[in-house]
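As a plain string of letters, each chain reads:
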Amino acid sequence: MNKNKHALYLMISMGLFFCAVYLLDAYGNHYYQRVSNLMMIYVILTVSLNLSNGIVGISSLGQIGFMSIGAYVSAILTLPPGLKEHWLTGLPHWMSTIQSGLFPAMILAGILAAAIAFLVGIVILRLQGVFAAVTTLGFLIIVKVVAENWMTVTRGGRGISSLPTYTNLWWTSAVAVITVYVVLRIIRSPYGRSMLAVREHDLAAQSIGINAPRIRLLAFVISAFFTAVAGALWANLIGVVSPGSFYLWLTLLIIIMMVVGGMGSVTGSVFSAIGFTILLELLRGFENKIAVYGISSIIFAIVFMLVIIFHPDGVMGDREFSWDWFKRITPLF
Amino acid sequence: MNADFLLKIDALSVSFGGVKALENYKLSLPPSRILGIIGPNGAGKTTLFNVLTGFIRPDSGHIHFNGQEITRWEPYQIARLGISRSFQNICLFGKLSVLDNVIVSCQIHERTSFLSALSKTRAYKKNEKALREKAWKLLCVFGLEKHADRRAMTLAYGDQRRLEIARALATAPKLLIIDEPAAGMNPNETQDLLDLILKLKEKFNLTIVLIEHNMNLVMQLCEYIQVLNYGRLAAEGLPLEIQQNQEVIDAYLGDTNNAGSN
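From first to last, the protein sequence lines stand for chains U and P.
Every position in the first sequence, counted from 1, becomes a number in our numbering once 250 is added.
Every position in the second sequence, counted from 1, becomes a number in our numbering once 53 is added.
There's no promise every hint is true.
[Unchecked claim] Coverage of chain P stretches by chain U, computed from C-beta distances (three or more under 8 Å per stretch; other residues unrestricted):
#1 58-70
#2 81-91
#3 134-147
#4 215-227
Since the hints were made in silico from the structure, they are not lab data.
Don't be surprised by glycine CBs; every beta carbon is placed ideally from N, CA and C.
Take the sequences, apply the hints, and build the full model.
What follows is the structure in structure tokens.
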């Protein structure tokens, strides 16, 4: 009975969500569209970071490296052939004559990043805690250095511009919904239980037959896949990719979003990503108004510190959103 | 290998740097027995358990379980073959619910495909339900069902110990290894534990190896006892023999006649 009710609420809220997407996409102004797209991309990034860092407990600081890989793969695939021949002389001939659409570019970006995550993960995931954090940060730096110096494929520091802006709100919101659905399903499956067990106690998990390194690798690879898809969406939203875009600022931003939402809570990550996107935009407007530049970063940092001090587990801890919460507010539910 | 023995260990040696934690250890354990391993702290008891379950690789020696050599297997492989353990210091999945602690262990022999988990096929849902029911039944055996939804770390100490054994049993092992189950328990709780272990042994047809410092429990429960001292087998035999073995009394048990006199 309750279950059916909840399914109904979920359908209604999904319906409302996609109505909002339709309205924004058709009638919204460019600014709101841009912010909403970024919001959805942050949701994808935060939720997939939560899978590797929050659910299975890998202290990865390198996820944005996978976003960078995804963005570059998509940029190279979707750049018009004329520009490709001109700029990206290192590409094999057959690649410089084709131009792919967003969907195949996204999927290829995800698969390539997942493959790299698999190879990198085999090595890095032998380490845990601080050691994993340092090596994954190293991975992020390597990706950036490669992007900066592989002139004939990435154009180095100049970046690749004039990308077709295929990304719209339908793409970003659909991918965000799929990401949330997939990650939630994983958590509630035997795989997810194994992941949580590995996070809680590695040795105990192995003692009940869980192949802990493999489970960690699985989460890492899936996380890299969705992160790279977000990168592909980002590239075709902004129209430019450059090495500096995917570095420490974004890394910190999504870690903050994840921690404040609650490590281990997918819905927490969703709410947090949405909230922080809005907060950042409001602060930017405020900053422009009073003309004290940099104040938004300070306020942002203070909000983060306050949450950590008063709610160290994040706003949602490791719980998930439940419709029953509304029962306390109104008897209607 | 010899089919008469469930567990057979030959010439097992482990050293940490210069320290010999285990030296030339031997064991032949027939099925359906309870073996007790006693000895002073640092004698190598827990090291033996860690080698048996794959957490420490031995320097030399062979371990055969159920006719298969498992000497350098990974912990998860050994668990899947049918050796399960509890830990000396409680190692539960603290933030998971009591029920989930057992479910995650029950799923050891399941092979769920990734796609069926994403698409929630009928078989998948049925399987999940079966897992839950199996875990619930096991909790009932341990009297933990009333705490099923609580986080494991919020349980009382004795309940945590029992949950650990429940989780170990959920893998449907042939051999259960228990590391100091009565540590920190009062005499009443210890008696309950004794009854529980005997009940489990009958119900699940287990072979049990346990480390314990509580001599009362060991002598009542175990059919055979090994004494370790400085990594070596100091003595082995029936409980009565061990109680009268002069070497064991000197090393570990202490002489009751002289107790308190010096």
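Practice prompt. Would you pick out the hints that fail for this structure and give their numbers low to high?
Written response: Those not satisfied are hints 1, 2.
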